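Produce the complete structure using the sequences and hints provided.
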Amino acid sequence: MLNITIDEIQNDPAKYLRQVEAGESFVIIQADKAIAELRPVTSTAKQLRPFGLCAGEFTVPDDFDAPLPEDIISGFEGQ
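For the sequence shown, counting from 1, position 18 maps to 18 in our numbering; every step adds exactly one.
Please note that a few of the clues may not be correct.
Estimated spans, in silico, between C-beta atoms of each pair [what the hints assert, rightly or not]:
(1) L2 to R49: 57 to 63 Å
(2) T5 to T44: 50 to 56 Å
(3) L53 to E77: 34 to 40 Å
(4) L17 to D63: 56 to 62 Å
(5) V60 to N3: 29 to 35 Å
(6) P67 to P40: 49 to 55 Å
(7) V20 to D63: 34 to 40 Å
(8) S43 to E70: 47 to 53 Å
(9) K15 to F51: 43 to 49 Å
(10) E57 to E77: 55 to 61 Å
(11) A36 to E57: 46 to 52 Å
(12) M1 to E77: 54 to 60 Å
What the hints contain is simulated information worked out from the structure, not anything from laboratory work.
This one's a predicted model, so the numbers in the text were calculated from it and none came from an experiment.
Quick reminder that beta carbons are idealized off the backbone N, C-alpha and C, glycines included.
Structure follows, in structure tokens:
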């Protein structure tokens, strides 16, 4: 990683952006202190999960969306 100053970036920002695009990383220095890092963005694309990943692992009962019994509802409502 190369060290560069803010003044160097301000003089030719496109030069450093081209270098970052090519894969280089920089530490930005101000008053002999590292204040930031300029580096390429890594790919954050996640691989899609395959359709039917858990096929056959479980079955959904026919009454899965039926109303809850009154005693369970009253427990949720604090009664």
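Problem - Violated constraints from the hint list, given by number and in increasing order - result: Per hint list: 1, 2, 5, 7 and 10 violated.
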